[in-house]
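Place chain G on chain V using the hints.
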Amino acid sequence: MKKKRLVTRTIILAVLALAVGYTLYANMNKDKNQKIEVGKPAPDFVLVDMEGNKHRLSEYKGQGVFVNFWATWCKPCEREMPYIENQYQQFKDQGVQVLAIDSSESELVVNKFVERKGLNFPVLIDKDGQVQAAYGINPLPITFLIDKEGNVVKSHTGELTEETVREFMEQIKP
Amino acid sequence: MNEIKCECGHVNPHGTILCESCGRVLEEKEKEKQLVDMRYEGSARRSQTYNKTIIDKIWNFFSSVKVGVWLIIILLVASSLGTIFPQEMYIPPLMPAGEYYQEQYGWLGKLYYDLGFHNLYSSWWYLLLIAALGISLIIASLDRVVPLYRSLTNQRVSRHESFLKRQRMFSVSNADLSGETVDKIKNLLTQKRYKIREENGNILAEKNRFSRWGPYVNHLGLVIFLLGGMLRFVPGMYVDEILWLREGETKAIPGTEGQYYLKNNAFIFEVYDKEKDDEVFQNAIDKVGTVVKNYQTDATLYKKQGDTVPGEKPELEKVRDQSIQVNKPLKIDGFALYQVDYKLDEMNKMAFKLENKKTGDQFGDVAVDLYDPEMNYDLGNGYKVEVMSYFPDFEFNEDGEPATKSRIPNNPAFIFKMFTPDKPEGEISFVAIRQTIEPMGDNDYKMIFNGVETKNVTALTVRKDLTLWLIGLGGLIFMIGVVQGAYWNHRRLWIRRVDSQIWTAAHTNKNWHGLKRELDTIFADSGIKAPEDQLSDDKKE
Chain V
1 MKKKRLVTRT IILAVLALAV GYTLYANMNK DKNQKIEVGK PAPDFVLVDM
51 EGNKHRLSEY KGQGVFVNFW ATWCKPCERE MPYIENQYQQ FKDQGVQVLA
101 IDSSESELVV NKFVERKGLN FPVLIDKDGQ VQAAYGINPL PITFLIDKEG
151 NVVKSHTGEL TEETVREFME QIKP
Chain G
1001 MNEIKCECGH VNPHGTILCE SCGRVLEEKE KEKQLVDMRY EGSARRSQTY
1051 NKTIIDKIWN FFSSVKVGVW LIIILLVASS LGTIFPQEMY IPPLMPAGEY
1101 YQEQYGWLGK LYYDLGFHNL YSSWWYLLLI AALGISLIIA SLDRVVPLYR
1151 SLTNQRVSRH ESFLKRQRMF SVSNADLSGE TVDKIKNLLT QKRYKIREEN
1201 GNILAEKNRF SRWGPYVNHL GLVIFLLGGM LRFVPGMYVD EILWLREGET
1251 KAIPGTEGQY YLKNNAFIFE VYDKEKDDEV FQNAIDKVGT VVKNYQTDAT
1301 LYKKQGDTVP GEKPELEKVR DQSIQVNKPL KIDGFALYQV DYKLDEMNKM
1351 AFKLENKKTG DQFGDVAVDL YDPEMNYDLG NGYKVEVMSY FPDFEFNEDG
1401 EPATKSRIPN NPAFIFKMFT PDKPEGEISF VAIRQTIEPM GDNDYKMIFN
1451 GVETKNVTAL TVRKDLTLWL IGLGGLIFMI GVVQGAYWNH RRLWIRRVDS
1501 QIWTAAHTNK NWHGLKRELD TIFADSGIKA PEDQLSDDKK E
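Going down the list, the sequences are from chains V and G. Taking the working numbering, the leading residue of the first sequence gets 1, the next gets one more, and so forth. Taking the working numbering, the leading residue of the second sequence gets 1001, the next gets one more, and so forth.
Be aware that one or more of the hints could be misleading.
Across the chosen pairs, the derived CB separations fall in these ranges [claimed, not checked]: (1) G:E1317 with V:V15: 42 to 52 Å; (2) G:L1468 with V:P174: 45 to 55 Å; (3) G:T1153 with V:T157: 56 to 66 Å; (4) G:T1359 with V:R116: 32 to 42 Å; (5) G:E1099 with V:V15: 37 to 47 Å; (6) V:K35 with G:W1070: 35 to 45 Å.
A few chain G positions that, by computed beta-carbon distances, are all more than 10 Å from chain V [as the list claims (entries may be wrong)]: (7) D1037; (8) N1200; (9) V1280.
Hints listed in this document are in silico derivations from the structure and should not be mistaken for laboratory results. Ideal placement from N, C-alpha and C gives every residue a C-beta, glycine not left out.
One chain only, chain V, in its complex shape (with noise of 0.2 Å):
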C-alpha cells in the first residue's frame, strides 16, 4: 500500500513538473525566435537592392548565404559592417553570398551608409518589414547562415567580431 502511493504520487508529480517544464520551456522561446529553426528550410523572400537587381533566397541554392538583419542607426550593426566586408571578399569566389536586410529605412539613408562603409555585397532593403515578419526580427543585428540545400544552420543574435563572421561563412561555404 505504501508502495503504491509512493507510485501514485511520483505519477502525479512528474505530470505536473512536465507541464510546468512545457510552458517554461514555451515561454522561454517565445521571445526567441519561434519562425526559424535550425535544420528546416529558411524561409523565401524576395527584395530588391540599392542598385535595383531582384535577389531571391532560393535562387541561391547551391550557395552558402549569410543573411545579416541590420539598420544604420544600431550601433553594433555598423561596427560589424567591415568584418561582412572584409570576409565577403575572402569568400564571394568560394561560394559564399552576403545579404544583408535593413529594417525598413529610407533609400537615402542605406545608400549614405554604403557609400561611407564602402560595401560591395547586396544590400536590401525591407521596407514593409515582410521579410522580418517572416524571420521573426526582434533585436538587431541578427544573422542567419544558410547553406547550400537552403536549409538555416544557425542563427545569431547580436554583433559579430571578425573572427566569428570568417567562421560561420566557412561553416555554410559548400
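Relative to the frame of chain V, chain G by itself:
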C-alpha cells in the same frame, strides 16, 4: 504498514485522530482535550503521516496550507510590482526599452528595467510561482479530499461516547425515548431536509454533506483556469501583438502570417467641445480642461491574394472599411483589433526654402518626405539642393558625430549642400530643428524652415484567444465551488442511548448559531434537551 485498529474493529490509516467509523479518539494527546478537533473529520491527512522519501518530502511541502498561503502572498506582492510602471509590451517601440524607462521614470525606471520588472509576467520566476501555486492547489486538495471522503462515507451511526461528549454541541437528558417522541423528532428532521440513519435505536441525521466539497470544486476551477493560461503558450492558441500604423500606411496584421493587411486612412482624436456638446458635460470640461470623446481609426482591411514571397509586393483585395473605436474592435477570423494607443502629429514632411542671406531672396520649395527623402531637389535656374546626410532621430553620438537614434523622424536633421549660380561648387549647411551649423565657414545661402506636415499614428492591439472558453469554464466552476461551500452548511446530529440516558451531540462546519436554532425547534417539546454549545458562557439559557 502502521494501521490503527480501533476498539470498534474499524481499521484506520496511520495518523488518524478520530476513528472513521465510531469516532473514538485514537490519538493520546487528543484525549486530554475537552473538545475534539473536527477539521477534516480527524482523518489522517496523508502528508502528515510519513516523511520518508524525497517524493514524500516534495509532496508534503506542497500539501501544506501554510506554504500555499505564502505563495499567494508572494504572488500578490510580485503582481503588484509589475503594475508600478507599464510593461515593456505597452511602451511605444521607438527607442530601446532601457532608455525609455530611464527617460520616463528616472533612476527608479532604470532600476525597474534592470531588475527585469518590465517583463515581469512572463519572467521565469513569476511563472514558477504560479506553477507552484497550481501544484499546491492540486496536492493540498488531493491530500484532504480523499481522507475526508473516506471518513464521511465510513462514518457509523452509533458514535462512541468519547466522541459525542467532546463535540461542541452536546447534552445529556435523563429521559427515555418513546417511539412517539422518536417519530416526532424524525419527522421534524425530515422536514428540515435531514437524511436519517438508524442503528440499534441510535440516530444520525445529516444534511448538506455536498457543501464540504465546495473548497475542492473551487480549487478544481482554479486549476482549470491555470490550465487555460498554460494553453496560451501553445502556438496558435493565443496572439497578443501591437500594430503601429501611420495615416496612409498599409501593413500586414501581425499574427495572421501575412494573410491580412490593414490600412490606416485616418486617426481621429476628438474632445468634448464646450460650445457644441451637451450642457451636462460643461462641469467636467471646466474641471479638467480637455475630455476625450473619441479615439478612432478609420481603417481598410485587405486580404492577400495568392501566394507571395515575403518582400514581394502582395496583391491585396479589399475586404471592408471599418472604423475602429475603443471597445469596438475590427474582427476577422478569430482576430480582433482594438484601439489601444496613438501618437498625434508625428512629423511626416518638412518644407524648406533656399534663401540668400544678404538679399533675402527665396528660391523654390524643398519638401522632404521624412520617411523617404530624395537625394536631389532641383529648384531650377541653376539652384539645386542635395541631401548629403539625413538623421531622422538626430543626436550627437559619443564621438561627437551626428547620428540617428532610430528610424522614426522624431528629431530630423539634414546636411544640405546648396548649389547656386554664384556658388556652383556648393555650400554645406547642417540643419536641425532650431539649429543651423555652417561647418565650412560663413555661407551666402541658407535653408529656411517652411513648415511641417504631420500625421497621426494609431496603435492597435491584435488579439486572438482560443483559451477564453476554458478560462471561463474554470471561473464558472470556481464560483460554483464558492457558492456550494458558502451557502450551505454540513450539519449532523447524533442521538444515542447510553444506559438510561439520552445523549445528543451535533456538529456543523459553519454557522453554529443557525444549527443551534434549528435544533432548539426540533427538540422543543420532546422532553429531551437539545445539544448545548459547550463553548458559550451562558449555558443556563
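Results of checking the hints against the structure:
1. G:E1317 with V:V15: 42 to 52 Å: Between G:E1317 and V:V15, where Cβ atoms are some 48 Å apart, the hint holds.
2. G:L1468 with V:P174: 45 to 55 Å: Holds, at about 50 Å.
3. G:T1153 with V:T157: 56 to 66 Å: Holds - the Cβ-Cβ distance for G:T1153 and V:T157, about 60 Å, lies within 56 to 66 Å.
4. G:T1359 with V:R116: 32 to 42 Å: With Cβ atoms ~36 Å apart, the hint holds.
5. G:E1099 with V:V15: 37 to 47 Å: 44 Å, holds
6. V:K35 with G:W1070: 35 to 45 Å: 40 Å, holds
7. D1037: Correct as stated: the minimum Cβ-Cβ distance to chain V is 24 Å, above 10 Å.
8. N1200: 32 Å, holds
9. V1280: 45 Å, holds
The structure agrees with every numbered hint stated previously.
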